[in-house]
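**Student:** Spelled out, the chains give:
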Amino acid sequence: MSTFIQTLIVGIRLGSVYALVALGYTMVYGIIRLINFAHGDFIMVGGYTMIFTVPVALALGLPAWAAVAAAAVVCALVGMGTELIAYRPVRKKGNNMTALITAIAMSLFLENLAQAIPAIGPNPKVASQIFAPGGIEIGSVTMEYTTIFTIIISAVVMLLLYWFTQRTRMGRAMRCVAEDKAAATLMGINVNNTILLTFAIGSGLAAVAALMYMAQYPRIYTTMGSLLGLKAFVSAVLGGIGIIPGAVLGGVVIGLVESFTTSYISSSMADTFVFLILIIVLVLKPAGIMGKNVGEKV
Amino acid sequence: MKKLGRTGQGYLLNTIIIVLLFTAAQLVTAAFGGEGSFKLVLVPSIWQCCYLMILAASLNLVLGFLGQLSLGHCGFMAVGAYTAALLSLACERAELFKDKEGVVFILVLFACVLAAGILSALIGLLVGIPALRLKGDYLAIITLGFGMIIINIINNLPFCGQDGLAQGSAAASLYKNGLGFGTKSKVEFLWAALLVTIVSVTLMFMFVRSKYGRAIRAIRDDEIAAAASGINTSYYKVLTFVYSAFFAGVAGALYSCANATLSTSSFAFTNGGILNSTFIVVMVVLGGMGSITGSVTAAVIMFFINYQIKNGSWVDSLPAAVQAVFQYPMLVYAIVLIVVIMFRPRGIFGSYEFSLINLKRELKAALERRAAAKAERKEARSNG
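Chains as they are written, first to last, in this note's numbering: chain A, 41 to 338; chain B, 47 to 430.
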């Protein structure tokens, strides 16, 4: 029983990281219908930024997790840069396929650029401790502080995001552009700026996810984002892409699937099961758990 | 005898030229094959080019002609490579052939290539039926997922896992006993690689020009209209996918011939090496989505760039910063891909196909166009 609860907790912790990343995918997909393959690599950018900012934060007497603010800014800038330099020109000229290929190319570009920068290099770097070590024992189950903080921080961030998209002017503009670009333009919304803002927020979330990931696995390497990003994307599709609560639900489901497969079946098969779930969902209900099936217009 | 139509004449002409070139290649190999850079550099390069060409052309069927982005192409290649390697090892253990000699070995070689293709095609069928119900982004991600599942499963199979063929003594055994060719055998069996490549590319080219090819291009341009015109879209999509997977498997078999070791990490979606699904996408996009000629050319170009970046002596004379970039070839390819997509989304060739029988006509037309343009400029000058 204690194994079960432990696995459950690990699953939720993993799931909250996936959910944070999935939110970035879902927001960008919702607004420009593009799988931002480079999103996983924004996590890597965030991770490496924190390698440099955590010592600064500690030197200033702040807690280590305060370094995430700088990382979020850097990630947001990288995200906006990607949109401005690569996606926007291609979106104007090409079709969906060329945009998607550009996204893949951007992902490769960021990964390999990081390797080519001397201060980063191809070798993994070890991060310092983010949250206090140890944990609370309840019966036979241990709740690590890292786990508790991860779950709480993601929940807070998600609630903030939900409030932002539902209640603020900019959030409403964002949902508006996602629904109908032409109509949004007519209502006086600056579509391009709204897309840029979406990229900034999504990439900022990736930095927060990087913090969570580092707290658990203190190893930063240049391709860390690719598999994490893929799984997060699977979460977004699972919940229904473009839907914010869907991404959270999908993230938690994928986290649970992964942790249960790891502890009950085989750790090396965990990825296979994650992708199997994706395939089953796509075949049975392509719009995702919370999505609505929309017929094609002729 | 019935008089040949224009298509028939084209095929006849192509066959004659190919046979001539093939014989010439044989003679050149016989003349220079023994030693020197021909044996050590050129022949291994040709082997690599061969499987890259087949890979690029086969992905182009799905990406360029069917218009669906598949990111799991290397998964099929991995299936082919492992099938061929395991089959050849099994044959060797059953003492069907020894030391890569005799007619039996040649038969085994071709049987391996064929088996690799067929198994890949079967897996392609399994993947294609559910995957092709989706399109666009979803298809890309689901094929990516399948590619990873295939790699993951191969890793976990007891007889070909990470320790089976990849590392240690087992790797050496592929080289010594199975298909893995050393440079000497590569020269000796160069004809086989060329033959397989020629046959594969021809079959793909014929597929594209057949009624199937027209049907899938119709699907690419407008799926709803194609379905309304009576094309069974899911049948043609799956068919193309399977056909493409078959040749990816064949390319995999050639890959296992050309390499002494097999390791699943070299077929993964992201790795620093040349062989990953993205690299194939780069080749197809560079050559032109919808042109087999383009894919074949781009495969050679990309191979050449890759080779030069890694081994070229001119690299040493470049500034240190550029050299640092060249350490990570994928960085260069990513930039190439972005630049091509931004400034020439159609690739080098667009949807142009090279054709011998039309060559004269096309040359004439091009000359006429140039003359016309010249005359126009002249007129504009005299008027202005």
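One thing to keep in mind: the hints can contain errors.
[As the list claims (entries may be wrong)] Pairs of lysine-lysine, PhoX-like flavour, derived with a Cα cap of 20 Å:
| no. | chain 1 | residue 1 | chain 2 | residue 2 |
| --- | --- | --- | --- | --- |
| 1 | A | Lys332 | B | Lys181 |
| 2 | A | Lys325 | B | Lys420 |
| 3 | B | Lys410 | B | Lys420 |
Just so you know, these hints were derived from the structure itself, not from any lab.
Note that the coordinates shown come from a computational prediction; the quantities given were computed from them, not determined experimentally.
**Student:** Now look at each hint and say whether the structure bears it out.
**Tutor:** Hints, verified against the model:
no.: 1; hint: Lys332/A <-> Lys181/B; in the structure: holds, 17 Å
no.: 2; hint: Lys325/A <-> Lys420/B; in the structure: violated, 60 Å
no.: 3; hint: Lys410/B <-> Lys420/B; in the structure: holds, 15 Å
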